Structure formats: structure tokens, C-alpha cells
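Asker: Now for the letters of each chain:
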Amino acid sequence: MDLFRLFSTFTRIGVMNELQYRVNFVLQAFQSLLALISGLVGLALVFSYTDELSGWTRPELLAVMGVHILMGGLIRTTIQPNMERLMDDVQQGTLDYVLTKPADAQALVSVREVQFWQLVDVLMGLVVLSVAAAEMKAEVGLWQVLGFLTALVCGALMIYSFWLMLTTGAFWVVRMEHILELFQGMYAAGRWPVSIYPDWLRLGLTFLVPVAFAVTVPAQALTSRLTLDTLLGSAALTFGLLVAGRWIWKTGLRHYAGASA
Amino acid sequence: MRALLDLYLGQARISILEQSQYRVANYFWMVGMVAEPVIYLVVWQTVARSHGGSVAGFGPGDIAAYYIVWTLVRNMNIVLTPYAWEHEIRQGRLSVRLLRPLHPLHYDLAYFAGWKFVVIAMWLPIAAILTLIFQPTITVTPQSVAAFVVALWGGFLVRFMLQWALGLITFWTTRVGAFFQLYFTVELLLSGRLVPLSFMPEWAQQIAAVLPFKWAFGYPIEVILGRYSPEQVLFGFAMQTFWVLLGLTIIGVVWPAAVRRYSAVGN
Chain A
1 MDLFRLFSTF TRIGVMNELQ YRVNFVLQAF QSLLALISGL VGLALVFSYT
51 DELSGWTRPE LLAVMGVHIL MGGLIRTTIQ PNMERLMDDV QQGTLDYVLT
101 KPADAQALVS VREVQFWQLV DVLMGLVVLS VAAAEMKAEV GLWQVLGFLT
151 ALVCGALMIY SFWLMLTTGA FWVVRMEHIL ELFQGMYAAG RWPVSIYPDW
201 LRLGLTFLVP VAFAVTVPAQ ALTSRLTLDT LLGSAALTFG LLVAGRWIWK
251 TGLRHYAGAS A
Chain P
1 MRALLDLYLG QARISILEQS QYRVANYFWM VGMVAEPVIY LVVWQTVARS
51 HGGSVAGFGP GDIAAYYIVW TLVRNMNIVL TPYAWEHEIR QGRLSVRLLR
101 PLHPLHYDLA YFAGWKFVVI AMWLPIAAIL TLIFQPTITV TPQSVAAFVV
151 ALWGGFLVRF MLQWALGLIT FWTTRVGAFF QLYFTVELLL SGRLVPLSFM
201 PEWAQQIAAV LPFKWAFGYP IEVILGRYSP EQVLFGFAMQ TFWVLLGLTI
251 IGVVWPAAVR RYSAVGN
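Going line by line, the protein sequences match chains A and P. So for the first sequence, my numbering puts the first residue at 1; every next one is plus one. So for the second sequence, my numbering puts the first residue at 1; every next one is plus one.
A portion of the hints provided could be inaccurate.
[As the list claims (entries may be wrong)] Partner residues are not named here, just some residues of chain A that face chain P (Cβ under 10 angstroms, in silico):
hint: 1; residue: L45
hint: 2; residue: S48
hint: 3; residue: A188
hint: 4; residue: W200
hint: 5; residue: L201
hint: 6; residue: A244
hint: 7; residue: W247
hint: 8; residue: I248
hint: 9; residue: G252
Keep in mind the hints are simulated off the structure, nothing from the lab. Just so it is clear, the structure is predicted and the values come from calculations on it, not from any experiment. Glycine included, each C-beta is placed from N, C-alpha and C at the ideal position.
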């Protein structure tokens, strides 16, 4: 319950902060639109040569793209800004201020930042998804929506745990900022269903960087390709990553020396 | 002339020494960057296989070759970003550069050119790994390698000059983010970075031919792949020269006016 209260307070502050800079909304929307256009051009080019890519049709790939945009928006709204701030705090020693607060430190570092305007991408992703669903003429029933939402939440939690583990590395190796570029490169691979990649890359994108679970699995839910086994596996892996992330965080924290010394 | 050459060699040496200190940072950046062409490569190889073995005359091996050379060209294409000016102006750091005896263009050009030698050295192992994995088909001749080296540096100069010129807009307005993004999106689509331009419809290729982007990106790649006749290669050199001269002209005309607009605050 505390976690929820913390989250809503920080969200309110973040939203109030960003509402001061309304022009940023237009800029963000423009940027998202350009990214969408280049994505659509890529898709159109592929399907000017073929009818299906490894068994995925055009509207199905559009759905994958929609999930990719949506999840990217979620990552940039909360996960990434929080983890970047954590990295800064460890470098500068200002993490002291977090640790002295009475709330759980992991909860606190995970909810402090909310980049409200990045939600534009979440909306954009939803629009792309609806277009894709309409084109597929798929009956998106209650079960598909539930499966999709579960897979999406699991995916977001996995990405969060993954980021947390990487960021916790900053307790040992102070300079971690290039991790961001590495992650963005890997995440870009989620634009396409992971089944098209060669084995070694697919395994990496599934278990090393959980892009497959974050993007492909939710898209599978909407395109009625999802089996119950995959969904359960996704939930189990989410749980495992959360526990592992928590453990690495606790271990890392013991290595934190602080700045006041 | 002698002094200018000394300046270039000195500045290039500084950047080589500086950048070879940040090997790990440079490598992280490079590995993150390699993801983009690998994605395109896999997607288009898949398309080629389901489309009777080739797309617009590119078989799977040609596609692999295209995107592996892509990684080198992309690295050579990194020049002073137009966003850097905003920082320099706001922080007043430009004042220091203006005090130096020569045009700041010289210092930047020498710095980035020097850095490229570090980049090329670091690129070689990445290229070797990609070659082992994706089995490119490429036949090179001494002539095509020589033409490639010229086209590669020509492409670097084209992009360097045009982005330097583009950055000067910052002296008049600070709201340049949206404009730069539009510029970079057009560049992504019409340079040969997203796909080889021959995958594009005819009309898009015609637009690309009159824009500068292709001459900095797709052209050097297709030179080493041997997809051009000698006449086409020479025509490309001419186009590169044209765009470099145009960039220089713009800089020559706009720079004095830009400096007059600039007023520094503080030190």
C-alpha cells in the first residue's frame, strides 16, 4: 500500500512538473510520429517483396510494432529515467538521501521519476494496435485482452528487473552510462518477432535481454498465437527475475560507500 | 600551408590519443550500434529467402556484405552533431574557439578525421565476427578497394560539411530539435541506411539521387560491392565534390554572419 502511495505522489509531482513545459508535448508527438513513419516505411518495403515474414502476416507484424512502441513508451516514462537517476546518484554519492528515508530503498529508487510526455508513445502504440486488430479482423475477445495485459505487465516487470540488475552494477563499476546505448540497440531488435532471428540471437533476446517476453509474447496474445504454457512460463520468469533483481540490489547496496566520507 | 598541415597532424594526434583511452566506452557504443544493421540484415535475408533467393539483385550473401560494410560507413559518418552548437553557445564555450587563430572548422575536421583511425582499428574485429556469422559474398579488386577508400573519406567529408553548415542555424534560433529530427529521418530513409536504395521504388531512388545523403552512405557501400560501372563511380566522386563544395560555400557565407549574432555571457 505504501508503494502505491509513493508511486501516486511521485507521479503527481512528475506530471505537475512536465505540465509546465507544454511545448515539449508537441515536440514529443512530432518525434514519435517520425519514428512511426520510418517504422511503417520499413514494414511497407518488406511487404512489397513478400506476403509473410517467417509466418507473420503484415497486420500481425503491425501488431508487433504497436506493442514495441507501447512498451518503449512505458520504458521511457518510468523505468529508464528512474534507473538513469539511480546511476547518477551512485556516481555522485547522493544516494545517501534515499537510504536515509524510511521507505524501502528499492521501491523509492524505482518510482521517483515520471516522464509524463513519453506517454505519447503509449497512445501511439495503442492506435497502431487497434489498426492492426481491425486489419486482422480478429475477434479480440475478453481472453485475448486479459492474456495481452498479463503478458504486457510481465514484460514490463522483466525489463524493470533487467535494468535494475544492470544499474546495480554501478555499485561495483561506477561508470555504466553506455549500458543505455547497449540496451537501446537490443530493444530495437524487438521491432520484429524474435522468431526471425538466428538461434543464438533469439536465445539472447529471450533470456539475456527479455525483449522477446516484453514485445513478442504480448503480440502473440493479441494475434491468438499465445499458448497457456508460454504465458505461465512468462509469469514464472518474471517472478524469478524480480527475486534475482531484489537479491542483487541488496548485495550491491552493501558495496555502496556513500559520499560523505 | 605548412602551418595548417602541422595543425591538422597535431589535432589528429590529440584525438587519436584521447579516444584510444576510452576504448571500453567506444566499444559499448559500437556494439550497441551494430544491433541496427544486424536487424536489417536478418530481416532482409529472411525476405530474400522467401522471395526466390534475392531482393532487387541482392542474394543473402550480398545483403550480409552490404550491412557489414554499412557498420564501417556508419562509423565514418559520425561527425560533429548539429546539436553540439547549442551547448557551445549556451555555455559560452564558443568564445574560446573564436580566440584561436584559424577557422574552427579546421580544428573539428582534424579532430574527427583523427578519431576515424581509432574507429577503423576498433571496427576490424567486429567486422571479422560479423563475417564469420553471416557469410557475406564479396569479391574485391585493387581498383574497387582504392575507389572505396576515396568514396569512404568523401562520404565523411560530405556529411561533415553539411552537418557543420546545418548546425549554424542554432545561432538564430534555439528551437531546432524538430527540424533536425525531420532532417535525420529523411536521411535515414533516403541514404541507404535503412535499406539499399535499390530496394526502394523508382521514384524514391530518383529523389535520393538529387539529395546529398546517398553520396555519404549508400554510395561508398555499393562501390566496394562492385555494383557500379567505372563511369558511375566517377560520377559519384563528382557528386561528393559538389556537395562538399556546396557545404563549404554555405559555411563561408553564413559563418561570418553567425559570429556577428553571437554574444557571449561570462568568461
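Asker: Against each hint, give a clear statement of whether it holds in the structure.
Answerer: Right, here's what the structure says about each hint:
1. L45: Status holds, d = 6 angstroms.
2. S48: Holds, because the Cβ-Cβ distance from S48/A to chain P comes to roughly 8 angstroms (cut-off 10 angstroms).
3. A188: holds, 6 angstroms
4. W200: Given a least distance of 8 angstroms, the restraint on W200/A holds.
5. L201: Holds, because the Cβ-Cβ distance from L201/A to chain P comes to roughly 8 angstroms (cut-off 10 angstroms).
6. A244: violated, 23 angstroms
7. W247: W247/A check fails; min Cβ-Cβ to chain P is 26 angstroms, beyond 10 angstroms.
8. I248: violated, 20 angstroms
9. G252: violated, 20 angstroms
Of the numbered hints stated above, those contradicted by the structure are hints 6, 7, 8, 9, listed in ascending order.
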